[in-house]
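J.: These are the residues of each chain, in order.
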Amino acid sequence: MTTATKTIRLALVAGVALAFGAGAVQAETLRLLTWGGYAPDAVVKMFKAETGIDVEVTKSNNEEMIAKLRATGGGGFDLAQPSQDRVTGAQSEHNIYKPIDLSKIDSAKFITSMLEATKGNTTLDGKVYGVPHIWGTSGLVLDRSKAGSVKDYTDLCGDAVKGKVSYRLKRPTLIGFAFAMGMDPFAAYGDKAKYQEVMNKVEAKLIDCKANVKAYWTGGDALLNLLRSGEVVAAMAWDTGGWKLNKDNANITFVAPKSGALGWIDTFALPRKTKAEDAAYKWINFVMQPKIAAMITASAGNFTASKGADAFAEDALKKRFQDSFPQEAIDNIKWYPPVPAGLEDIEGKVLDRVKAAK
Amino acid sequence: MKKRLGFYLLLAPLLLWLFGLIIVPHIDMFFLSLQEKLGPGDYQTSLANYAAFFNEPLYWNTFARTAIMSILATMITLLIAFPVSYYIAKLAQGRIRAVLFTLCLLPFWVSELVRTFGWMILLRETGVLSHLLQWTGLAGQPVEMLYNDATIMVGLVYTSMLFMVVPLVTTLDSLDNAHVEAGYDLGGNGWSVLREIVIPHAMPGIVSGSIVVFMLCLGNYLTPILLGGKSSLWFTEQIYDQFITRFNWEQGSAFGFLLLILSSAIVWTGLRLTGQNLSSTMGDGGER
Amino acid sequence: MNDSTDQAPALECRDIVRTFGKFKAVDHVSFSVPEGSFFSILGPSGCGKTTILRMAAGFLEPDSGDIYIKGKSMLGVGPNKRPVNMVFQHLALFPMMNVADNIGYGLRRRGVAKAEIAVRVKAVLERIGLADSGAKRISQLSGGQKQRIAIARCLVLEPDVLLLDEPLGALDLKLREHMKVELKKLQNDFGTTFVYITHDQSEALVMSDQVAVMNKGVFEQVGSAQELYYHPDTAFVAGFVGDSNRWRGRIDAADASSVKLTTADGLSFAATPPKAGGLGAGGEVDIFVRPESVQIARAEADVQAMDNRLQGRVESVLFNGANSRVLVREPRSGGEIDVALPQTGAFHELRKGEDIWLGWGKDQAKCFAAGEAG
Ligand SMILES: Nc1ncnc2c1ncn2[C@@H]1O[C@H](COP(=O)(O)OP(=O)(O)OP(=O)(O)O)[C@@H](O)[C@H]1O
Ligand SMILES: [Mg+2]
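As given, the protein sequences belong to chains A, B and C, one line each in that order. Residue 75 in my numbering sits at position 75 of the first sequence, and the numbers go up by one each step. Residue 101 in my numbering sits at position 101 of the second sequence, and the numbers go up by one each step. Residue 78 in my numbering sits at position 78 of the third sequence, and the numbers go up by one each step.
In case anyone wonders, no lab produced these hints; they're calculated from the structure. For each residue, glycine too, the CB sits at the ideal point set by N, CA and C. Check before you lean on any hint, since a few could be wrong.
Straight line, CA to CA, 35 Å or less: simulated DSBU-like cross-link-like pairs of lysine-lysine [what the hints assert, rightly or not]:
| id | chain 1 | residue 1 | chain 2 | residue 2 |
| --- | --- | --- | --- | --- |
| 1 | C | 70 | B | 90 |
| 2 | A | 291 | A | 146 |
| 3 | A | 258 | B | 90 |
| 4 | A | 210 | B | 37 |
| 5 | B | 90 | A | 98 |
| 6 | A | 45 | A | 151 |
| 7 | A | 146 | A | 68 |
| 8 | A | 68 | B | 90 |
| 9 | C | 81 | C | 22 |
| 10 | C | 185 | C | 260 |
| 11 | B | 230 | A | 194 |
| 12 | A | 244 | A | 291 |
One side of the interface only, derived from the structure: several residues of chain B facing chain C at Cβ under 8 Å [as the list claims (entries may be wrong)]:
| id | residue |
| --- | --- |
| 13 | 36 |
| 14 | 39 |
| 15 | 42 |
| 16 | 44 |
| 17 | 46 |
| 18 | 48 |
| 19 | 51 |
| 20 | 52 |
| 21 | 55 |
| 22 | 174 |
| 23 | 184 |
| 24 | 185 |
| 25 | 186 |
| 26 | 197 |
| 27 | 200 |
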């Protein structure tokens, strides 16, 4: 956004605020720390119409969410949406969340299995810190006409796709390669020495594979451009990216790797110093309504934990999902378990060395 | 008495700004950097975070690489900006002058992200330049011009241009044409007039421009990340990683502090090598 | 100068023209400056003086015409290759160098050895009386000292011609008077050819061997100070150089040696026509009479023999020693006449309101076709 339009918007906002006078000042606000696409404008407007509550959306990612809440000791936001595997680690180390009062959650609106799984994964000292909202996977995005040989992450290092491969230098890559190499990194989560061993092997593989990589992608848009232009034919990425490209080019789509796609669930969690707890629960129950959930699916590209929302989802999206995920692929999804504190350091050093390697 | 009060009132915002936004956070950062993390929630005071920088070659290699690339970018920016500024200050008249100045400003009308994406569109394998080269027959196949250090350099120089041109134009503007003419009249040629008259006069501008550009390059994040290649490391990326992805604020603070100290040391060395000092650059600028 | 002598003039301009856009700044100007002389160009602001000098120095090329230095054409020769140096209007001393480095700059450019430079810089500093100033910064010098350094910086290079663009313009009156004498002395000492431009006639008249009076891009007259003062060729020169009383009138009768005219107020005068002649009855003319040419008398009988006589009343007496003046009001025209008091002191008791007689010979009244005058 240019400064000019920013200024115009600011002026508009200021003008509107003045026009509504005292009423606007007193209106309740929900400060939501979330991901891009999770709180589309239309839904925010509907929520405001129904409850009178304004939603102030801040877009972020797992790491920044934790950093932001850590900086304020769990303040500044009323509701956050970290992935389920990043809740308990951050909570035990930085104490940034408060437990969820499950009695205020309309559990009938959730897919039961998913709700139970998330509750389990976000429980610390007997208290539940998260309920599920949106889930998705990461795996392979391929141009099937040019990278038919790629079935798993390790195939990205094959000669067939030399120089036309891209992945991120981030932890999902490490985990994915570990699975593809026949190891189980999640099983090693509890044992740092063992995890280090797993990571060492992955490090060697990634350094070996470096010549094959065109660029380590850093932003979703950059990756989509690489795939769209054909400069990259195989990449490790999120499912939604693949489906987005599929709309324009039928050859490109998301493929679940042989060793299993990595599954993540983004949750709702309450920052410890939340100032609008009631509004937060209202928002959770509001967006879990099947129709609303379908709107969010349309905007974010991923499916939600809302029971019955599938019925309202766009057919094309359902079709893409089914193409990418035959039943056995769904069964093979590796769901991220909670990350114990301290693994980031091991992973960080591995990633540094991969990047520095010639 | 009244005058005094006015003086302090004028000084107050500056002091508040210096103290509240610069000194206090740095003190905070300094103490944080002295905390060594033993386990979750368990810290002790030590220099371990600083030791980590010097013991891990990756870290100081990254810093050295960042510093060298920044110095190089500063020099290239200076080499390009000097003739441009000279033209704007001394040769261009009226309209053309304004147009040229605006051209230098142009990159700043869009955000850094958009600007960097612009370069990506131009330089990528399937980008404008690559197509142009193939179309003219200069290249037989697509050429990848992204993802290497030269691209970073292009991005840094492009972003820094204005910050070099403005101080240079200002100092060159104040150069009396008669001095240049006298230089020629007394037997000088283009090169000696440049060396003995124009450059010494422009030195304050050269130094302040170079300091600003060097610091901007050193602190740049997006350009090296987006345009850089697979092995391109940048120190600010390290700091970001420590703070954000590794939750290691203590290490990040130590890096931040080291960046401050080492970059100050480099600037100081640069000033010594060119025989300048900060007060003559920022202050009265010597006699005119 | 004539070309038959083997000594070519130090500087010669032949028919040079220079325009800026449609504006003719220098319009067919020719002159030559003999070796070792002090040549001034005198003219009002904007008449094209600096333009001529810059062409001589090589910063501007003439549109047409040619410039010779010591007999060699300078067309296409860069300013750094010409054996001339220039003292700029604001001196243009280099602030980042000290005095010695300023003076040594040109020698360094010529590749003179360091030790030799030091010796020559010291020598020239001594000659201008600033022997101890070598290490000083430019900002530590007084106005007059800067002046001398700027000239020394050029003279150390022993140029064939030194060009000076109103170098005294920035100084206060007293210092200017002093520097006038100083400059002339420097020129004598070094024996260098000086081409000096100014709009101050006293500078030009005091220092110069030859003065060119310039107006609107053309040279009106070139000559010694005396020639310009006593024998102006044009109305502009007569008006611009020195003080004059001036009347405009119509010619009643004219011949080769005298002109009779009547002003609009009915005053009749006799005057000398210009050498070029060309004045006829009925034509409009200006006459110029210098204050010191006017005789003053208490009785009409004392001025009876003069070609021109007027009666008037003393308006004011401006006593200034040897330069004392009296302003006399002429009743018929109401005009004021400027008259120099005789140095004998004969009229020192003159008072305001006294009636007196004025008279001057027709050879003291210079007559020119009416037009624009300085
Ligand atoms: N570079 C130029 N471009 C356009 N016109 C110019 C330029 N230089 C001089 N002129 C014009 O030419 C005329 C003569 O200028 P010049 O500088 O020679 O005057 P000058 O006699 O030196 O006056 P002064 O005594 O004020 O210095 C002026 O009318 C000036 O406006
Ligand atoms: Mg002039």
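J.: Each hint should be assessed against the structure and marked as holding or not.
T.: Hints, one by one, checked against the model:
{"no.": "1", "hint": "C/70 with B/90", "verdict": "34 Å, holds"}
{"no.": "2", "hint": "A/291 with A/146", "verdict": "39 Å, violated"}
{"no.": "3", "hint": "A/258 with B/90", "verdict": "68 Å, violated"}
{"no.": "4", "hint": "A/210 with B/37", "verdict": "33 Å, holds"}
{"no.": "5", "hint": "B/90 with A/98", "verdict": "66 Å, violated"}
{"no.": "6", "hint": "A/45 with A/151", "verdict": "43 Å, violated"}
{"no.": "7", "hint": "A/146 with A/68", "verdict": "42 Å, violated"}
{"no.": "8", "hint": "A/68 with B/90", "verdict": "50 Å, violated"}
{"no.": "9", "hint": "C/81 with C/22", "verdict": "30 Å, holds"}
{"no.": "10", "hint": "C/185 with C/260", "verdict": "46 Å, violated"}
{"no.": "11", "hint": "B/230 with A/194", "verdict": "28 Å, holds"}
{"no.": "12", "hint": "A/244 with A/291", "verdict": "22 Å, holds"}
{"no.": "13", "hint": "36", "verdict": "52 Å, violated"}
{"no.": "14", "hint": "39", "verdict": "61 Å, violated"}
{"no.": "15", "hint": "42", "verdict": "60 Å, violated"}
{"no.": "16", "hint": "44", "verdict": "55 Å, violated"}
{"no.": "17", "hint": "46", "verdict": "50 Å, violated"}
{"no.": "18", "hint": "48", "verdict": "50 Å, violated"}
{"no.": "19", "hint": "51", "verdict": "46 Å, violated"}
{"no.": "20", "hint": "52", "verdict": "47 Å, violated"}
{"no.": "21", "hint": "55", "verdict": "47 Å, violated"}
{"no.": "22", "hint": "174", "verdict": "11 Å, violated"}
{"no.": "23", "hint": "184", "verdict": "5 Å, holds"}
{"no.": "24", "hint": "185", "verdict": "5 Å, holds"}
{"no.": "25", "hint": "186", "verdict": "4 Å, holds"}
{"no.": "26", "hint": "197", "verdict": "6 Å, holds"}
{"no.": "27", "hint": "200", "verdict": "4 Å, holds"}
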